[in-house]
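Enquirer: What follows is each chain in one-letter form.
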Amino acid sequence: MLIARDITVNYGDRVAVSRVSLELEPHRITAIIGPNGAGKSTMLRTLNGGLKLTAGEISLDGQPLASFSRRAIAKRIAVVAQEADLRFPVTVFEFVLGGRYAWSAPGWGWETVRDVEATKEVLQETQLDTLSGRLMNELSGGERQRAVLARALVTNAAVLLLDEPTANLDLAHQATILALVRQRCDRRETSALVVTHDINLAAEFSDYVLLMKDGRGVAFGSPEEVLTPETLKEVFEVKVLVDAHPVSGAPRVTPVHELRR
Amino acid sequence: MITQEKSANAGYATFRKAFGVCAVLLLILLIVFVAAALVGSQRLPLASTLCALTGQIDCGLSSEQRAILFDIRLPRILLAGAVGICLATAGAGYQALLRNPLAEPYLLGVSNGAAVGTMVALVFFGTREWSRPVMAFAGALAATFVVYRLARGRAGATPERLILAGVIVTTFLSSGIVFITTMMDATRIRSFTFWLLGDLSGTTSSLLAITLLAALIGVVVLALNARSLNLMMLGERDAFDLGVEVGRVRITVFVAASLLVGASVASSGSVGYVGLVVPHLVRLTFGSDNRIVIAASALAGAAFVILADTVARTIIAPRELPVGAITALIGAPLFVYLLKRR
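Chains as they are written, first to last, in this note's numbering: chain A, 1 to 261; chain B, 1001 to 1342.
Everything labelled a hint here was simulated from the structure, so no lab data went into it. By construction, the Cβ of each residue, glycine as well, lies at the ideal position given by its N, Cα and C atoms. Hints may contain errors.
Unchecked claim - Reference excerpt, derived from the structure (chain A facing chain B, CB under 8 Å, subset only):
no., residue
1, Arg-19
2, Arg-71
3, Ala-81
4, Arg-87
5, Phe-88
6, Glu-94
7, Tyr-101
8, Ala-102
9, Ser-104
10, Gly-109
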């Protein structure tokens, strides 16, 4: 699938990502966590060719990423951004159907029956089928984010890159989005990489965690291995308490703020 | 349930819709075309005119009427149509590319770029007619490039920055236009002022042919990029992620739109607001799919400018208004409305 070896990305003189390696496996979800400016989103954007590598290499299905065309990458790697930018009115169906772009013929590219079928399936999968005729900007935040996820799922890409997909959502909608990602990874040969600020959410849903700071990968492994009080203190510079979640057993991180009373 | 039924075959539905929309607009365009051929300082009879338009010789039109129809009105209507196609599709292209419903060749300074190009051609290569569209195209392209570079901030070109950059370039080029105008003799200034406001009366058959050709090329190129524009309209980064070669599409659309604006300005000056009014009405009526918006804007734009020009040459006949005055009269209030609604 997607393998990054010792990748370094510079913004001008500033090093944003420094010698980070990562391998995504089918059926697995990897979370990237770390403080602001750690290089998480840069990492994500580099992995689908959105940013140029300064050093290192990325390979996709055994071939260098750079050897793929834009369309070929889009068939294999889908990105879910934080929010859609909606200045023109489009329906949910049209929006999600846009995810089939890479599969259509160049030029006019009228959608085929297969594109439409795939879109309908994904709308059902994401429980948006009853809203398919509605305009995107009439939806609630949670519904809209589900549509953004649906557009990524309809590409049938084997790699899903999600950049803080739940940042603006309430608890229930956060769970829905991540459950959908989990479901896709369980049912197909799909792997997901999720950038998030929510350590506890990462601990719950991910199989692996990559902890980043100042562009470097500090730790990589299962949530239990990575989310230790020592490592977290080093990375976030805040004292934390780590215990087991009473229901799921996943590590639970609670910051201990030493504020004056 | 109904929405699901409707969306079941969206691919074919979009195609059928595009076809249907184009058929209806083509019919409207034909009606406007014929109506415009009939009215004017001298009214022509419907049956004979239709007969003559289909290419028959013996239709009962006097030789004077034939001359009016074929030498005066027809070229002008064709030019109006071509200008409408050029400006409306260029507007639709800019709006999708810049993700701004207010983007328009005039607002972006592209038309002024083309106008300066045309004026330079007139001053320096006055006798060579082809130099006008070529220089106009170069001017439009240069203005587009400068506006785009000015607008590009660290986070890319935001629509707001772009419009501001357009205002700056427009103002700058306007002073250039004033400068060139002052170098002209007094008799030419009046016709220039007219031309600057958009004037379809002073064209030649070769300029008409060039404008029609540019319209055809520009529309085809934009239409071929329409699906990519559908995605770019919702954000360049998202479009990139979904497989659009954003850089290539951007350059292609900028060049095609500059060609359209250049050809139109070279032949008829600055007809304003067509690129704003037409795509807006099209989107309001038929939705935002650019495959439909671009084709429909071409047809509706042609009908709109033909109609506006017919009004311009008949409303205070035998005197004429510049067509740009009519389009601005309709366009400016719509612009205010769009701005208020944002």
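Enquirer: Each of the hints needs a verdict: does it hold here or not?
Expert: Each hint, compared with the structure:
1. Interface hint at Arg-19 (chain A): violated, since its Cβ lies 25 Å from the closest Cβ of chain B, which is beyond the 8 Å cut-off.
2. The closest approach between the C-beta of Arg-71 (chain A) and any C-beta of chain B is roughly 4 Å, which is under the 8 Å cut-off, so the hint is satisfied.
3. Interface restraint check: Ala-81 (chain A) against chain B, minimum CB-CB distance 6 Å, threshold 8 Å, status holds.
4. For Arg-87 (chain A), the shortest C-beta to C-beta distance to chain B is roughly 5 Å, which falls under 8 Å, so the interface hint holds.
5. A distance limit of 8 Å between C-beta atoms decides the matter here; for Phe-88 (chain A) the minimum to chain B is near 4 Å, and the interface restraint holds.
6. A distance limit of 8 Å between C-beta atoms decides the matter here; for Glu-94 (chain A) the minimum to chain B is near 7 Å, and the interface restraint holds.
7. Annotation: Tyr-101 (chain A) was flagged as interfacial toward chain B, and the flag holds, the nearest CB pair being 5 Å apart, inside 8 Å.
8. Given the 8 Å rule on beta carbons, the hint for Ala-102 (chain A) holds: about 3 Å separates it from the nearest Cβ of chain B.
9. Look at Ser-104 (chain A): its Cβ gets to within about 7 Å of chain B, closer than 8 Å, so that hint holds up.
10. For Gly-109 (chain A), the shortest C-beta to C-beta distance to chain B is roughly 4 Å, which falls under 8 Å, so the interface hint holds.
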